[in-house]
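Trainee: As you go down the protein sequences, you meet chains A and B in turn.
Numbered according to my numbering, the first sequence spans residues 1 to 83.
Numbered according to my numbering, the second sequence spans residues 1 to 59.
Hints in this document: simulated from the structure, not taken from any laboratory.
Some clues are possibly wrong.
To be verified - To give a feel for the contact side, a few chain A residues facing chain B, derived at Cβ under 8 Å: (1) T19; (2) E23; (3) G25; (4) L26; (5) P28; (6) H37; (7) C44; (8) L48; (9) A58; (10) E69; (11) L74; (12) A77.
The C-beta atom is built at its ideal place from N, Cα and C for all residues, glycine as well.
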Amino acid sequence: MTDPMDEDLDCRDVVEVVTDYLEGGLAPDDRRRFDRHLAACEGCRAYLEQLRTVIRLAGRPTVDAVPPETMAGLLRAFRDWRR
Amino acid sequence: MPAAQRAVITLRDVEGMTAAETCQLLGLTEGNQRVLLHRARSKVRRALEEYLDGTGVAG
Numbered sequence: 001m002t003d004p005m006d007e008d009l010d011c012r013d014v015v016e017v018v019t020d021y022l023e024g025g026l027a028p029d030d031r032r033r034f035d036r037h038l039a040a041c042e043g044c045r046a047y048l049e050q051l052r053t054v055i056r057l058a059g060r061p062t063v064d065a066v067p068p069e070t071m072a073g074l075l076r077a078f079r080d081w082r083r
Numbered sequence: 001m002p003a004a005q006r007a008v009i010t011l012r013d014v015e016g017m018t019a020a021e022t023c024q025l026l027g028l029t030e031g032n033q034r035v036l037l038h039r040a041r042s043k044v045r046r047a048l049e050e051y052l053d054g055t056g057v058a059g
């Protein structure tokens, strides 16, 4: 992700790789740089928590799960898009 | 939100499927799936931020 000779991530880097971080897809060195940036940056800590909130809210049980018709429609739209 | 991003975030975050399951179901590479998930989550975060800013709830 970054040149091994680079020292620190900046906030733009954090935004760019935050999904990789949450997926556990960062190399150990990059994960350490990410954590080091977070330790010093309240804004990025807030951003990470906002993303965790997005994920948590998305996964909250609702009265109905995704109805089968909606799921079918989503998959159909996706396949149409790919064509 | 484009259909591909909507499909990925629905399967991953709403339905709780794994990355592997999502890639298999949608015929995506891991890298493509990750990019779509990233963009979708960013959009949802932004929409939530704008919504909360509108209601004056968030600081």
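Trainee: Taking each numbered hint in turn, which are not upheld by the structure, reported in ascending numerical order?
Mentor: Numbers 4, 5, 6, 7, 8, 10 - these are the hints that the structure violates, sorted from lowest upward.
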